[in-house]
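K.L.:
Relying on the hints, combine the two individually framed chains into one complex.
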Amino acid sequence: MELSRLPAYLAGRLVKAAIVILAIVVCNFFLIHAAPGDPASIIAGQSGSADARFLEQLRAQFGLDQPLYVQLWMYLKGVLTLDLGFSHRQQASVAALVWDRLPATLLLTGAAFIFAIVLGVTMGALAARRVGTWWDSIITVLALAFYATPLFWVGLMLVLLFSVTLEWLPSFGMMSVGVEMSGIGKVLDVGKHLLLPALTLGLFYVAVYARLSRATMLEVADQDFVKTARAKGVPEGRILRRHILRNAMLPVITFAGIQAGQLIGGSILVETVFAWPGIGRLAFEALLARDYQVLMGVFFCTSVMVVLFNLITDLLYAVVDPRVEVS
Amino acid sequence: MTTLSRRGLMAAAATLPVLWRVEDAIAQGVQPKRGGTLTTIVNPEPPVLHIGVNNQAPTLIVGGKMFQGLLRYDAQLKPLPELAKSWEVSADGLEYTFHLQENVKFHDGKPMTSEDVVFSIMKFHMEVSPRARGVFARIKEGVAVNPTTAKFVLSEPFEPFLLMFDVTVSAIVPKHLFEGQDFRQAPAVARPVGTGPFKFAEWQRGNFIKLERFDEYWKPGQPYLDAIIYRVVPDSQSRRLALESGQVILTQSNDIEPFDVPQMRARPNLEVKTTGWEYMGPLMWVEFNHRVKPLDDVRVRRALTMAVNRDFIAQRLWFGIGKPATGPFNSSTRFYDASAKAPGFDVNAAKALLDEAGLKPNAQGVRFTIKHMSLPYGEVFTRLGEFLRQAFRQVGVDLQLESVDVGTWSQRTANWDFDTTINYLYQYGDPTLGVERSYVSTNIKKILFSNVSGYANPQVDELFAKGRDAADPKVRQEAFSAVQKILVSDVPLLWLMEMSFPTIYDKKLNNVITTGAGVHASFDDVFLA
Numbered sequence: 001m002e003l004s005r006l007p008a009y010l011a012g013r014l015v016k017a018a019i020v021i022l023a024i025v026v027c028n029f030f031l032i033h034a035a036p037g038d039p040a041s042i043i044a045g046q047s048g049s050a051d052a053r054f055l056e057q058l059r060a061q062f063g064l065d066q067p068l069y070v071q072l073w074m075y076l077k078g079v080l081t082l083d084l085g086f087s088h089r090q091q092a093s094v095a096a097l098v099w100d101r102l103p104a105t106l107l108l109t110g111a112a113f114i115f116a117i118v119l120g121v122t123m124g125a126l127a128a129r130r131v132g133t134w135w136d137s138i139i140t141v142l143a144l145a146f147y148a149t150p151l152f153w154v155g156l157m158l159v160l161l162f163s164v165t166l167e168w169l170p171s172f173g174m175m176s177v178g179v180e181m182s183g184i185g186k187v188l189d190v191g192k193h194l195l196l197p198a199l200t201l202g203l204f205y206v207a208v209y210a211r212l213s214r215a216t217m218l219e220v221a222d223q224d225f226v227k228t229a230r231a232k233g234v235p236e237g238r239i240l241r242r243h244i245l246r247n248a249m250l251p252v253i254t255f256a257g258i259q260a261g262q263l264i265g266g267s268i269l270v271e272t273v274f275a276w277p278g279i280g281r282l283a284f285e286a287l288l289a290r291d292y293q294v295l296m297g298v299f300f301c302t303s304v305m306v307v308l309f310n311l312i313t314d315l316l317y318a319v320v321d322p323r324v325e326v327s
Numbered sequence: 001m002t003t004l005s006r007r008g009l010m011a012a013a014a015t016l017p018v019l020w021r022v023e024d025a026i027a028q029g030v031q032p033k034r035g036g037t038l039t040t041i042v043n044p045e046p047p048v049l050h051i052g053v054n055n056q057a058p059t060l061i062v063g064g065k066m067f068q069g070l071l072r073y074d075a076q077l078k079p080l081p082e083l084a085k086s087w088e089v090s091a092d093g094l095e096y097t098f099h100l101q102e103n104v105k106f107h108d109g110k111p112m113t114s115e116d117v118v119f120s121i122m123k124f125h126m127e128v129s130p131r132a133r134g135v136f137a138r139i140k141e142g143v144a145v146n147p148t149t150a151k152f153v154l155s156e157p158f159e160p161f162l163l164m165f166d167v168t169v170s171a172i173v174p175k176h177l178f179e180g181q182d183f184r185q186a187p188a189v190a191r192p193v194g195t196g197p198f199k200f201a202e203w204q205r206g207n208f209i210k211l212e213r214f215d216e217y218w219k220p221g222q223p224y225l226d227a228i229i230y231r232v233v234p235d236s237q238s239r240r241l242a243l244e245s246g247q248v249i250l251t252q253s254n255d256i257e258p259f260d261v262p263q264m265r266a267r268p269n270l271e272v273k274t275t276g277w278e279y280m281g282p283l284m285w286v287e288f289n290h291r292v293k294p295l296d297d298v299r300v301r302r303a304l305t306m307a308v309n310r311d312f313i314a315q316r317l318w319f320g321i322g323k324p325a326t327g328p329f330n331s332s333t334r335f336y337d338a339s340a341k342a343p344g345f346d347v348n349a350a351k352a353l354l355d356e357a358g359l360k361p362n363a364q365g366v367r368f369t370i371k372h373m374s375l376p377y378g379e380v381f382t383r384l385g386e387f388l389r390q391a392f393r394q395v396g397v398d399l400q401l402e403s404v405d406v407g408t409w410s411q412r413t414a415n416w417d418f419d420t421t422i423n424y425l426y427q428y429g430d431p432t433l434g435v436e437r438s439y440v441s442t443n444i445k446k447i448l449f450s451n452v453s454g455y456a457n458p459q460v461d462e463l464f465a466k467g468r469d470a471a472d473p474k475v476r477q478e479a480f481s482a483v484q485k486i487l488v489s490d491v492p493l494l495w496l497m498e499m500s501f502p503t504i505y506d507k508k509l510n511n512v513i514t515t516g517a518g519v520h521a522s523f524d525d526v527f528l529a
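Residue numbers (my numbering), protein chains in the order written: chain L, 1 to 327; chain B, 1 to 529.
The shape of chain B in the complex, shown without the other chains (with noise of 0.2 angstroms):
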């Protein structure tokens, strides 16, 4: 222990001056440099490119260079411009009017006019995603006014639309390649047209994805890169010797393994940020199915939250690549709530209170043994497991651990077959976007996603339903306090960590994160010094 920690603060220390130097220098204003390839990896291999179609994290990613939406966030998701100039909220909270920038053009040479962004929100997005359509069926209305304006009105007031036009919710797609076929299977799908800094080039599968500079791109002098280069390399310590021997200069998300980041914090030409992951905000935490028992009783659970050192977790499982975790929000999201916090580590406490709950222990010092299933996303969901069995063993619970397969994990999440597991998702900026799918009794559904926990709560529901609702910020914030409130003392949910996946590069790439939504971002302005 004394070893790792040692090496943790090495790393730590060594950071340090670097990120500032490069962050003075691009106050200092680096004179962009045109030219060059970013070779970078893309893990796993996405099935299919065409952003909406498929929404998977690496999709995103790469789609990120190829569409864009309407506008961007900054790490405090403030929106900024991106296709739409600028836009205004009529006072009633119903309309919203955004105009276009001039001259955009999709990689097929065709112009994008409102027309395409009233049919990518109001068909395109309608049709293939989930998350889009819960949002969207909110517009009564979507009106081309002209060519470069693009006005939605709601039926009622929704507070959080706004966080609703990033490229990774809401691309804007050509509407002329997609209109009067089947969307999932239009030729466009394989081909992926946008509007974005990079059009596509090649795909061979297995191997690798080229995207390449679009020269009639809007913003003029850009982008800087002549290239990128996705290349799919399927195992993990293959992803950290190619990062490591320079023949890629960028990994993200999952691409390197938590316990291998402070080995490429201690290289002098690599950077490694956390940051740029504001937009989705992810929270993890293990799962607890209520119908088991003895998780229905509140106790319980307030004594296994009791049990486990969170701080431990994200410093020596995440190797501080994540923040502890304090309730159901993530501290990134709207209207999160310092003040409320889920119980802090305590055994002691743990353990009076599984006593006060009637689970004394037996000769063997096991008040109850519950199973555990295995999050199948990498290695260190398993070192996970292993942890919270030895943090559930010193209260006297024994916990079992089972490995599963993605396609296993799916299924039994999803039909409430568990007793405990791990799962983590995004909170998308907002509570009524990504917090309130796992609380409201309304969303016990055998869906993956919903509240497959089963808990329910009426006033939890009214809370998050009047948060949902209401056109005042100040009234949002109001419920979603007093939604916080209960819940930590509730703990329907073990809330571990604030999650964060690193972005590791070569110090020569500059401007890759430079929004709440990081490595999805265009990378119209990354550039090789």
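Isolated chain L (complex conformation) (with noise of 0.2 angstroms):
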């Protein structure tokens, strides 16, 4: 990589992704705004009773009595300040709703992430090496059950036999509530609420991790530079480290980069099946409310997300393979 070229390369992707990013913004406000009902209807509704004025009120404290042209204006001005609005229906700033939840959906998905890339691979390098065994049947058969099998139901079984058959694990939540605890005992207590919901979404993409890397690791294998490396006698393992493990990373990253764009927003159904209170349950009940803000708040910072780790993945692939250029 010339680092010469780097800053210009950089830049120009920024700008880019600025305009991609407020070209979301604004299709994000159409499609919302396109659902049927609005936030004061859904108010009215779960209050149980209503009259014209308390509607009436509603709408002209949510703003939504201005033409949407004006809303989106308003909108927009305040994303180009970085200020993403204000939810009337929470009575709370939305970079604070956000800003909220983010940490607990981060650690959940980042768990899930780097369990889902080491066991992934590492069962895909296995049973690549030791192709065609019984090695590699086991964990062929069982990356193609976590790959088939829905996240829901993963979940609740897993919740059926740690929580409630061995009662080892708490069933929901993020840590336990109203019980005084020591830093340390305190890291545990959410250490184990993390573990079943970390496994519940990290199966599916262990499964994807294994057959990725077994299938690249095998095509790789079979190349002549492996066979060279072997023929000059260098060892199996340090083959399969150097020579075939690095070459098959590329599809792998790939796959790594679109995975943590999804870091945000991928976790709604885990989030709701163990109440853990994270960014995509927020987001998928301001969506049943029609908490506009809220919903294009953690819309934007999703977009934001994935444009960043493209960006990280292009210049990953320039780290791992030499070959690849900026530009």
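Rather than coming from a laboratory, the hints here were simulated on the basis of the structure. Mixed in with the good hints, there may be bad ones.
To be verified - Capping the alpha-carbon separation at 30 angstroms, the derived lysine-lysine pairs in DSS-like fashion look like this:
| no. | chain 1 | residue 1 | chain 2 | residue 2 |
| --- | --- | --- | --- | --- |
| 1 | B | Lys78 | B | Lys151 |
| 2 | B | Lys110 | B | Lys85 |
| 3 | L | Lys192 | B | Lys507 |
| 4 | B | Lys508 | L | Lys186 |
| 5 | L | Lys192 | B | Lys210 |
P.N.:
Printed below as a string of structure tokens:
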């Protein structure tokens, strides 16, 4: 990689990213407002009684009595100054709502991400190394099972086993509430709560990484430079690490880039089943309640993450494989 | 089917003796014990915790611990003292005088006086709550006679007035924290300050709400519990597991799906109660849109009513949580007339009526096709839609199901954009407060919970008006009996079930349901044995 070209490259990418994000914000705005119902009618519905004055008051307070283009302009102005707006439904600023929930989601998806890559690539490498043996068969079958089983079902079954039957792990939440704990106790407590949801979320990706790395490793293992290495007497373990694995990593990185982009938004189901107080649930509940500002705020953060991780992935290619150039 | 009913019977047999035992124990005076934390569930998570500013069921349940009303009500809707220790009504039914408890303090240490009471009724709830506004607009004058006496003078008699003082309707809020501010955005909305036995401690959104014991609570020695923690658990199966594994020891309202209740009944450590909803008195029905042919024809509506086995719905879909509806009034609502009954289940008579209405079946046996928008409030309503499709199919009516989310349902129901849907409304114990709105033609509006079906009958309008304005309960009974007879003959809606909701708790918890508002009560007397 020529380092001198990097700043110009980055600047170009960032300008493009800004345009893409702005376009996403506008699209989201119209998509959300196209959904039937508005926050006022939903609050009226949930309150069990309403009159015309009540609806008017709510709509005026939420700014829904303004024409749509005015609402869009107000929102864009806000986003450009990094102000994500105010949720009148929840009487809190969107930035505060999102920031409150972001760490929980990042912890969950980050744990699942690391777990998936480490276990998945290990399984794939193991299967490729012993291709055709019963090791390979077991790993392939396991990967297929993880791949095909619905997330929520895996979650419920894990809860049934570890929380209900064995009573080892809590079945929901992120921490014990109402118990005083020291620093280490707290970390352990969160860890106990994290185990099942991270496992549930990660299993699918374990399968993907295992299959992906097995397939590419087998492909690379057949190539001439591997045979050459073997012919000149390089030990097998070194061949695997230095020659095969490194060359087989590109598709894995591509996929990891995609998964990383989904770190924020991709865990609604698991957050729901395990009552994990993350951002996916915040978005889902905002959608049902037509809490426009919150939903757009989460979408905004998600799109920034996706664009960011695409950029990081592209840079990583160049690091892992010097033949790839940034341009 | 046989296994189902057998399981139901076994569960019922298992519960009965247990029920007796607990009741007996309380009667024998189990000594209340101080201490302990109650961990329970709140679902769905409310957007705002301040009662009045938000009136969703979860807000009222959590808010009911932090706030109090002037009165409480028993299961027969008889008023009981709460912040008011006694009250008088003048002979002409115009003046209501409340004598307040002494030494009541708000959570910020300031005393609660009649000024706060007058402010709450005349200003706060008048501004934020449409339901309170509808009734309190009749108050001509609210006076703080002295610090412990508040008087309200009505412009004309309003007999159900005394039903309006529960915490869920008109909680007493601190005047000093709201006066001169936008009530919806005052700082006290985010940190509620009431007179209740529990004060707001912490709310981690998406995670939990924590309430702590208020040490200066006005009842000596109470509350017994140290804290109440409401966990947010969005998935119904996870809620069930949390209860089964003892991670929470109380569930209420919609927390547990009806089809999971039989298994909870079978667990020896759990108590299942369906009482404690008498004050709300919810009634569920199929909403007919009278603007859609042939639903404008009373014969068709009668026939569809006769096509539905309401016992099946109560027993097999709701597993006995609720009773089959007999007509437009919940039997817990005042002036309910048991002699006015909607047509019963009779498939052959239904077919004959549809023939008479000129709706002959075509070659596929279908007389006509209508749509049904499922109520998006849980799995059980989807099952109800499927059951109705089968029931209507038996008499040759094709029901097409549509699934929608809450936003879509709210908008389409309010805009009369449906053929049929399910709805349930609280009746608030009195026909004027909670029944009239669904039937009088003056309330045909494009707003939820108005008369969205479009039913209009001048006689019905007149009788509801008479019942509303009469000061004498006898006159009201006559008017409401007459209106029930007309309604069961017109069948503007297909009444299905008097709803209730299961309250399920660990048996070590005592005094959970003591009033007609059940889990909305303050819990100052709840204790862990």
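K.L.:
Against the earlier hints, flag every one the structure doesn't satisfy and list their numbers going up.
P.N.:
none
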